[in-house]
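These protein sequences, in sequence, are chains A and B. The numbering used here applies: residue 1 is where the first sequence begins, and numbers increase by one. The numbering used here applies: residue 543 is where the second sequence begins, and numbers increase by one.
Hint data in this document are derived by calculation from the structure and do not stem from the laboratory. Bear in mind the structure is a predicted one, so any value in this text is a computation, not a measurement. The beta-carbon is built from N, C-alpha and C at its ideal position, and this holds for glycine as well. Some hints here could point you the wrong way.
Unchecked claim - Some but not every residue of chain B turned toward chain A, in silico, with C-beta under 7 Å:
1) MET606
2) PRO700
3) PRO755
4) ASP757
5) ARG864
6) GLY865
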Amino acid sequence: MSDSKQPTPAVRKAEPFRNEPHTDFSRKENREAFQTALDDIAAQLGGEFPLVIGGKSINTRKTLASINPSRKSQTVGVVASATSDHAEEAIAAANRAWESWRYVEAAIRAEHLEVMAAEIRNRRFELAAWEVYECGKPWAEADGDIAEAIDFCMYYAQQMRELGVPVQCDYPGEENSYSYRSRGVCVVIAPWNFPLAILTGMTVAALVSGNTVIMKPAEQSSVIAAKLMEIARDAGIPPGVLNYLPGVGEEIGPVLVESPDVNMIAFTGSRAVGLAINKQAAETDPRQRGVKRVIAEMGGKNAIIIDEDADLDEAVQAVVGSAFGYSGQKCSACSRAIVLEACYDAFLTRVKAATESLKVGPAEHPATTVGPVIDQEAFDRIRDFIAIGKDECTTVVATDVSELAEEGFFIGPHVFADVDPDSRLAQQEVFGPVLAVIKAEDLDQALELANGTEFALTGGMFSRSPRNLQRAREEFEVGNLYLNRNITGALVQRHPFGGYKFSGIGSKAGGHDYLLQFLIPINISENTLRRGFAPPPDDEKA
Amino acid sequence: MANALVDRVEQATQRIGRDLWQGLAQRRPSMFEKRWLLDQLMEWAMADESVKVQMFRFVDVLPMLSTHEAVTQHLQEYFEEVRTHLPWAARLAVESPQANTIFGKALAYSARKSSRMMAERFIAGTKVEEVLKSVARLRRQGLAFTLDLLGEAVVSEPEADAYQQAYLDLITGLAPHVNGWPEDPQIDRDEHGWIPRCNVSLKLSALYSQFKPIDPEGSAEGVKARLRPILRAAREHDAFVNVDMEHYAYKDLTLEIFKQVFLEDEFRDWSDCGIVIQAYLPEAEDDLKDLLAWTEDRGTPIWVRLVKGAYWDYETVVSEYRGWPCPVYTEKWRSDDNFERQTQFLMQHHNTLRPAIASHNLRSLAHAMAWAEELDIPQSGWEIQMLYGMAEEQAQLFAERGHRVRVYTPFGELIPGMAYLVRRLLENTSNDSFLRHAYDTSVSIEELLRRPADAALSKAS
Ligand SMILES: Cc1cc2nc3c(=O)[nH]c(=O)nc-3n(C[C@H](O)[C@H](O)[C@H](O)COP(=O)(O)OP(=O)(O)OC[C@H]3O[C@@H](n4cnc5c(N)ncnc54)[C@H](O)[C@@H]3O)c2cc1C
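One chain only, chain B, in its complex shape (with noise of 0.2 Å):
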């Protein structure tokens, strides 16, 4: 590619970037608020890894608790160990866990409350009324959603059954509903015309029980077999319908099985329909452009979600665990420049390939509307997508400057939710989290939004 071309881009990042950086200081983040008992203890996680490993622990038990003295009893025997790191406030309350004391019950009390609201801030809600009002909520701030429905795993067919049900159940309750809202065109439309308002998220791993690797034929059948009926309802109801992606030894199944489905002739010539691609995967490159081929094949375009990837603590260490080679970055500038370069692509191949960037780091999503500016692409012509709960303030930003802006929202109950929210509090209590940086008063605005590449030889040197 031209130098040229190169430095221009950049420059407009860089203009775009701090110009929103700009927009965003006049906000208040809502990120770290200081409101709750956990948020204290997420900076005490955040400083100390012991604590941090002992505290994700307690609130991903929690939920299982059903008495106070359990509650109790099981702060006291986490924290037991790390006690010497805590400050005085946690060192008071764990030493006196006489669980059945008044301080004991209102100690149980207050950290089932403090986790019910870490968790209400990322999960949208456990029933469908409560995800209705959610959904409203966020258009009425100009914000477009796509729902995901938190199971525990799938472990058997009736589960399976039931994942599937609630997906139909979903869409049949809540497209009517939300096809009559009235008409926003700054989410509703792009410039090929109407795009549909409901958009549900989906795991394939989910509608095979015994969806395994070894037996790709096996697990295509018995997910495309629970998968049609949702995408027949979706499109019924002018749904449409997003596969996540999910661990590394799941990928090329997944992409396998999406192909195969969305070239059936009854889905061919359907567009409302998309699939991700996880940046911090040196394969991320080969199979955009294996998607490419297969998508002028089809001829009918989809949407790509380019997202970094949600599962690299996992990955890093099953696969060390293993002793097989590590499929992600294991260096976090890599997984940034590798989510541009494959933005950059997207982007050339919009028409096609339509891009849903997914991010909360300001540098990717500044670079990707650099790139949308360098090509001449219409707003409408992309989206960008966050998660429920987290960068709000930058998803409002992005909306009021005329993006689509589209919600990530996870909904369910909280016993299954917990590894989706243990996901989410490691993420953005990693040293590698853009947010935690951008939050960080001490970092300047030139680091956060400095070139990956650069990024590397800066800490290098």
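Extracted from the complex, chain A is given alone in its bound form (with noise of 0.2 Å):
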């Protein structure tokens, strides 16, 4: 249901899919089977993760440990750390195994995710306690992770079957077919926020599309990953179509950038990154197949505008909510919110009431809200953001989490207020609990503050008003746009994730074309007429 008037275009509709249903926790019987995970998981702490090139464990020298943010003291597992030697190898591996796997039907490639789909089904409360220790997410939103993983298996599946049907167009004499192929060796950079989701929605993209991945994870989400790799391994991915080079990114990340061999590169992560890797793989050496194709989803500094007649119970809890969800360690989380005057006061005495009010804890505990942010240079950075806020601005909230400190990385929610526009707090992503509250006179300002910035990824209006809601609609530069609810947790097939600006190259996760940026379009056309003759078309022959 829209609440303002659309042109009115014939409408197309989605094909169907069904989402992953998230877990409802107000069932005793899920609660205890989380907490009954949380505790088996936490008896396997600590273990060791090989690399895993060309269906060969690796045992390197060099390790990283992988932290539990809540509790800086426990490693939650030893994972190796790849070289640029190993990162050749897996280019290597990747592309000797393309040989056959991109002759693989796409019905069986698709088959091998619905089958990985089905082990993440079968273990989620195991892989969403991983994600509690390993990257501080509470309860809920770690469930939210594995679903989302599985959502993207089931989804790209989906596509894969009807993508590998080859489309005709004939005519009397000429047989014209339409059909994709694949780039070859992709390398997949997958960011910590989203450890399990992200991560899986860029490989089995790459996977069905008839590629060979190197996935490389986030160092902090590396255990998770390895996850991942077993489930591949366990659904009968062949060996070296699949590769897990765990290790530091600088170090081997423009290896694999800049290696002829690799065809493609799918990253998220950061904007600095995401160019960096823009331009290595822009440089083009002579012994490559062709121009490398990168996508790469970066980062956001997303608003919501709060209009004067929005409900406030509403708009209050959804920017609570998506500004504080996860510790704002979104790229879709809300840093701003664009207030307009005649209800800038009621806002904000509630939103801050709203936000003291939110349990700052360990993940591991159902009632945190607000976890810890995830390694001490994201909580430097933070805090160095908040420093400018107490600095520049007008502090709503500091919340003072000290008891914690020795814990884990924990930042409280920050509130700010009289946020200047232009500055730092009100233009960088900071990706931490940090909101930003800026006051607009009107509409036209709130747009235009709105859209100020070089993102454009996602942003929220709560309005009750159809006429401004369709302004939001037309002159919101966002990818995704969601009015009169959070703007965070997008779902596969219903929300297709994705910005642009300087949010992102490339179309969205889960949306329908997504796959279409694995593929290579192959046109091929016969000439079916020898000498006067010609077998009839196709829907004739039977």
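Taking the hints as your guide, dock the two standalone chains into a single complex.
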């Protein structure tokens, strides 16, 4: 149902798809099962995770310790750290494997994804528990991430089954067939903030389209990535088709991106790294097979506009939820609230009180809404932004969590008001629990402020004026616009996700044209007329 | 159950129902009297789903609009889309919406006035003084009350504090006053003795801002800390506290907290408390059985208000959105049928779970009366509850026939009251609403009194 008048084109409906439901934690049996999973995994922490290249497990001299952000003293796993030689090996293995994987039927590749989805579903709480420990994700957020990983497998499988069928355009005397081929070796560089979902999404998109993959997970979430490797292997993905290459991004990243034997890079992460990859990949080595394809999901500086007639009950909850869920460490997170003057005071009062009421604590505890931030580096960077805020703006909320400081990387939610729209706090991505509140005189100014950053990822507006909602539809420069709801938590297929400007290159994850980026379209025309004689067109044959 | 018993109760239900219908025929229904512009709008709303959506959205946003320009502008925006569905009068109004003309101002004024009047039909006032007047008026009509404070969503601890304080003020302010009223035995006494006159209904989720089913222990602690002082004040001032039931996601936690707190030494021997069971949930039966066992263990009876459930639209939409099983019945007759089965259960255990049968459905209520009669439960041994502003003539009639009728009386500011108001409007304009059928002259008394299971059969055929 839309709130306002739309031009009335014929409606094109999305193909049906059923999202994996999130877990209903109001049910006791689910809470108990989740707690059991947490207890089970607690007993398994600290294990070792080797590289997997060409189906072989490889231990490395150097290792990375993945630690629990809620409890710094706890090592979640000790992960192998690849060298540039390992990277070269992985590229070679992926190239070899491509020679056969590329010819595996699309429907069979799709089936592999469905088997992976089933396995993830079977191990759902176990995987979520790993995320709670490794990434400091609170229960429900971890559960949502697993569900999304399942969705990616199922959705891309469904898409590939369709794309795998060539489109015929036959004429008497000529058969034309439009179909897709894979690109080759794809490097997947994934972030830690949706440790299973985003990694799975990029990886299985590449796999199902017939590419082979080198999976380079974030250092902070390499254990969960090892679990995905395990699942892929169990699902029968052949050796070398998927390779697990944890390591330090700065060391192996350039080797992977610059290699002449890599054909594509799928990246999600920061704007700086995304642009660097794009630049490196644009260099053409005479040995390489073609121009590399880069798709990159980068940051956001997302705003929610609060119109004068907004339902504040809902707006306050949505802003607080979007700003502080997973401590603001989502590319979709709300980092600016742009509030119309008429309701500014009422809104700010309630946001302040609501933010101060949030429970900050270890992710293992079900009461926790705001867990830790991912690591020391993030901790320091966010603290710098908070210092700027205290310096330049009015501090509305500065939650003190010093009693948790010994335990983990905790930063309480912060809200700043009277933020100068051009200041760093209003322009740069913080990726932490910090919200800037900005006053706008009218909707014109609000939209101008909202659009006034270099990003265009998510955005939202709370309004009950059909006309103003329509203006947002037309004028708000974001890839994902949310009206009268929170701006995080995109679901596969319902909310294909991705931005433009400096928020991303490429089409939307979980959307119907995402897979096309991993494919090369080919058209084959055959003259069927020989000596004046041609077979009848296809539809007359039967 | 023996068929003979079923038949007997069914016959009694029919007899009582027809008798009540006779009694009602002498009264003019107040619900759909054509007094105001918005009554007219309500009728259009009922005739056309798209008009209904726009209208309720407009009513919902209205209290937030501070200028007449904003009101006319919204009015125009909302009805633009459904213009062609609207009768000519409304079209005229929508097409000439120059906000600053006299006509525009008049339009804004009349929209505001109409919605305020509509709100006043279901909401007893904004301030305690107004509420006092309302409950005094109810009392003169022989009706008891339970008060419900309409609040905004509680999203912070200060807001939860404010909610708690409002209830404390309500109890300490109102109880001494109403306790000074001269006695009316029909509403002040039952077979066990005195019944508190001051009666409040509250929502547990509003007592703690971090009320989250994922964290039952923390939520329970947060709620109980603010609930206990209210219970103490109630006991001290001889007031009754009822715990309302909210969305399905909160149901188990609400029951759990209720059971925890009323098992504490301090409150274990207190019977002036109650909880709600929603018959649109198939789980109602198990929950009631569980409550019975718990109450027997506690050793002090409680009241149970049986309702059908106020969040039907929400539950069906949200469960489908999330891909969860739908927690409510999706056929109206099943809710009605379950309501009757749980009525029977309550009546059969009325000494432990004291029945408060809350409905405006004549069939549902006649059925309850039939069971009370069958089991020889005195009229004072159970009560009928209704919502303020709904089916007033029925409430009157029941009171005159010797029943204790308690009116659920919401009060509070209009902005936070909107969620409640929209629920009432939805209910009153729903195709499945009993009241709507009751005022539809083409529907016969036979149909209105039909047994729910038979209604299902006739629908299927
Ligand atoms: C004193 C009082 C207190 C109340 N307190 C609460 C409370 O704490 N919590 C709460 O949730 N409600 C509460 N209610 C509200 C009550 O649930 C609704 O007013 C009631 O549902 C209306 O039912 P009825 O028997 O009067 O009308 P009817 O018209 O007979 O029934 C309408 C009801 O049937 C159900 N229904 C409608 N369509 C369908 C369908 N297609 N399939 C299945 N079921 C359907 C819905 O529950 C709907 O409200 C209270 C009501 C009263 C009178």
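For each hint, the structure was consulted:
Annotation: interface hint on MET606(B) holds; nearest CB of chain A at approximately 5 Å, less than 7 Å. Taking 7 Å as the C-beta cut-off, the interface hint given for PRO700(B) holds, the closest approach to chain A being about 5 Å. Taking 7 Å as the C-beta cut-off, the interface hint given for PRO755(B) holds, the closest approach to chain A being about 3 Å. For ASP757(B), the interface hint holds, since its Cβ comes within 7 Å of a Cβ in chain A; the closest pair sits about 4 Å apart.
Using the Cβ-Cβ criterion of 7 Å, the hint placing ARG864(B) at the interface with chain A is satisfied: the shortest such distance is roughly 6 Å. Here the hint on GLY865(B) is kept, as its CB sits about 4 Å from the closest CB of chain A, short of 7 Å.
In the structure shown, no violation is registered for any of the earlier numbered hints.
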